[in-house]
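K.L.:
Listed below, chain by chain, are the residues.
Number of protein chains: 2
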Amino acid sequence: MEIEVKADGRRARGDESRALVLHEAVNLASVVGLHGLTFGSLALRTGRSKAGIQILFSNKEKLQLETVAFARGMFADAVIRPALSTQRGLPRLKKLFGNWIRYATEPLFEGGCFMVANLAEIDSLRGPLHDALFADHASWISVLAGEIRFAVEAQEILDTDPEVAAFAVDAILCATNTSVRAGDANAIARARRALDIFLVPVGV
Amino acid sequence: MEIEVKADGRRARGDESRALVLHEAVNLASVVGLHGLTFGSLALRTGRSKAGIQILFSNKEKLQLETVAFARGMFADAVIRPALSTQRGLPRLKKLFGNWIRYATEPLFEGGCFMVANLAEIDSLRGPLHDALFADHASWISVLAGEIRFAVEAQEILDTDPEVAAFAVDAILCATNTSVRAGDANAIARARRALDIFLVPVGV
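As they're listed, the protein sequences go chains A and B.
Add 3 to a position in the first sequence, counting from 1, and you land on the number used in the working numbering.
Add 3 to a position in the second sequence, counting from 1, and you land on the number used in the working numbering.
Treat the hints as calculated values from the structure; they're not laboratory data.
Each hint should be verified, as a subset may be incorrect.
Footprint (simulated), chain A over chain B, 3 or more residues, beta carbon under 8 Å [unchecked claim]:
hint, stretch
1, 24–30
2, 98–110
3, 113–126
4, 187–201
Pulled a few chain B residues facing chain A out of the computed Cβ check, cut under 8 Å [stated by the list, open to error]:
hint, residue
5, Val34
6, Ser142
7, Arg184
Ideal placement from N, C-alpha and C gives every residue a C-beta, glycine not left out.
Let's have the full structure, built from the sequences with the hints guiding it.
P.N.:
What follows is the structure, encoded as structure tokens:
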């Protein structure tokens, strides 16, 4: 019993350390990219020992994969989950866009959108890291496509191919993230107008 | 006279070396980003001495700036100039898209689009490198906006804000470059359909 309590206590401390390190890893990777993640730089940023961090994550690829998973959770908490209580279709799409714009302008991650910072770097590689990142990207686009399909079927917006429109919406959001980071004061207004081209309400 | 000839010969050889090194620099930066450019890696790739390359470019920032300028020239030669003999407006836009798609699928640069590989990396920085890269990006978007404006005024396509539409078209092209690099077989077909949403011919 005593031993079990101790083991649980160690596990709880381990989970806390892991979350703290992963939070820093996501921030660092949003700035320098997943390739720039090193045990040494994480030790510097968290004040923990490099050896301790290495024990938590075994090797760089595992650290990168856990970082991608942690970023996915943060993105879902900030952008997707707060929209799930909003009515499906056009209202939820608008809520998702609003959440996304807040996510890009009050950045959740130090370097802005984690996905944008890493997709172009990872695109030419093959392997588990590429697969995890592109699966997350595809899953976000399918969330958008699902709501666009719903909005078309409910005749809230003019007929459009949901997959193509979702791809274009994400492309516009990604480019907007880059414009925001580059200090373009017009970035958000332009993004809203560009999104409007894709989502034309019926009867307008 | 003899001295002048010698000097010209040296300059010609210098220009040739510079172009050869810059060609490799553009390729390398399209894969690892402008920050990954080092005199050492360029020496390895060109078989030239590191010291010789350092003499040509003085310092890393000058090398990066010349690399951006060289990439701009290559992009203009591959995508923009071959479209200038095509009629302005919708025909020239279609020619530009075709040239861009060839540029993304038969990549001119080893790592795909030079701009996409570097914009997200450079966006948060400030200074001459950021300014040069974002000026080139803005200049490409204004080429697109100019043709869209022409097409709207000639009533070839339905009325649209040329700046917003050009921004969205570039966003779609950038996202398509990433999809192509990631091995998405559907990337080009989807891009063409997404571009069609923006450029609706009058009377369709």
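K.L.:
With a cut-off of 8 Å, does the beta carbon of Ser142/B approach a beta carbon of chain A closely enough for the hint to hold?
P.N.:
violated, 14 Å
K.L.:
Given Val34/B as an interface hint, is the shortest Cβ-Cβ distance to chain A below 8 Å?
P.N.:
Hint holds; Val34/B Cβ to chain A Cβ min 7 Å, cut 8 Å.
K.L.:
Checking C-beta pairs, does the stretch 98–110 of chain B have three or more residues closer than 8 Å to chain A?
P.N.:
violated (count 0)
K.L.:
Would you check chain A against the stretch 113–126 of chain B, counting CB to CB pairs closer than 8 Å, and say if three or more residues qualify?
P.N.:
holds (count 8)
K.L.:
Under the criterion of a CB-CB separation shorter than 8 Å, is Arg184/B in contact with chain A as hinted?
P.N.:
holds, 4 Å
K.L.:
Quick check: do three or more residues in the stretch 187–201 of chain B have a beta carbon closer than 8 Å to a beta carbon of chain A?
P.N.:
holds (count 5)
K.L.:
Taking beta carbons only, do three or more residues of the stretch 24–30 of chain B come closer than 8 Å to chain A?
P.N.:
With 0 residues in contact (Cβ-Cβ under 8 Å with chain A), the coverage given for the stretch 24–30 of chain B is violated.
Violated hints for the displayed structure, listed by number in ascending order: 1, 2 and 6.
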